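In the working numbering, the protein residues as written are 1 to 218.
No lab work stands behind these hints, which were simulated from the structure alone. Errors might be hidden in some of the hints.
What the hints assert, rightly or not - Each pair of labels, with its calculated beta carbon distance range:
#1 Gly33 with Glu143: 25 to 33 angstroms
#2 Leu201 with Gln71: 33 to 41 angstroms
#3 Ile2 with Asp89: 21 to 29 angstroms
#4 Ile218 with Lys13: 18 to 26 angstroms
#5 Pro102 with Ala170: 17 to 25 angstroms
#6 Ser207 with Leu50: 37 to 45 angstroms
#7 Ile2 with Glu126: 32 to 40 angstroms
#8 Lys13 with Gly33: 16 to 24 angstroms
#9 Ser216 with Ile8: 13 to 21 angstroms
Quick caveat: nothing in here was measured; it's all calculated off a predicted structure. Glycine included, C-beta positions come from ideal geometry on N, C-alpha and C.
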Amino acid sequence: MIGVYDVIHHYQKVAEWSGFGIGPHEVILMADGRLVVGVGGVHTFGREPLNLESMQPSLTYLSAQGEVLEQITLPDRHLSIRHLAHDGDNTVLCGQQYRGQPDDYPPLVAMHTGVGPLKPLQAEPEQWARFNHYIASIAATDEWILATSPPGNCYGIWSKATGELVELAALADASGVVVRHGAFQISSGSGKIILQSAPELSQSHMSNVMWDNHWSAI
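Could you build the full structure based on these sequences and the hints that come with them?
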């Protein structure tokens, strides 16, 4: 379920939307007014998953009134679609959590350009293994896509044009990522913040905040 709240009138709940599957995790607003939902597909009791063999994750497009416009799925149903971003235009990026076999390392980031299937980004299996089956936050500029992994203690940068991994960098408890002024800002649970303007071009400083992966640029 998704709850809709009226910001002007003291955040009163005005609607509830459903009908798109189990476990909507993140919702983003597109430039054309559509909403995109990362539907994880996992039914849990507490934190215990109950339906891994029947889970149905999807990338779901909604109208501004909550009507389901389109649902796109990945071939592997054990890839729980969770964290989303868009490039300011029509391209949506989604980061997944893999709930399948522990020795399998499928692609954890995919791109949707508004038509056709989701396109997985490219990396070698041993590189995907570094992410420890989990993408926590994702963001995109005109040229690059960046995704973080706290359990993997790393982040990756892909070329948006080719879908190829161009940098895999270590960062303890790598958490949130946003784009500001055309550059990535990356947070971590250790308090370290990185400004990454391009692959292999970064600077960092320490803060006194233990960040998690839920970051937004305001």
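Do the hints match the structure? See the list:
{"no.": "1", "hint": "Gly33 with Glu143: 25 to 33 angstroms", "verdict": "holds, 26 angstroms"}
{"no.": "2", "hint": "Leu201 with Gln71: 33 to 41 angstroms", "verdict": "holds, 38 angstroms"}
{"no.": "3", "hint": "Ile2 with Asp89: 21 to 29 angstroms", "verdict": "holds, 24 angstroms"}
{"no.": "4", "hint": "Ile218 with Lys13: 18 to 26 angstroms", "verdict": "holds, 23 angstroms"}
{"no.": "5", "hint": "Pro102 with Ala170: 17 to 25 angstroms", "verdict": "holds, 22 angstroms"}
{"no.": "6", "hint": "Ser207 with Leu50: 37 to 45 angstroms", "verdict": "holds, 38 angstroms"}
{"no.": "7", "hint": "Ile2 with Glu126: 32 to 40 angstroms", "verdict": "holds, 37 angstroms"}
{"no.": "8", "hint": "Lys13 with Gly33: 16 to 24 angstroms", "verdict": "holds, 21 angstroms"}
{"no.": "9", "hint": "Ser216 with Ile8: 13 to 21 angstroms", "verdict": "holds, 20 angstroms"}
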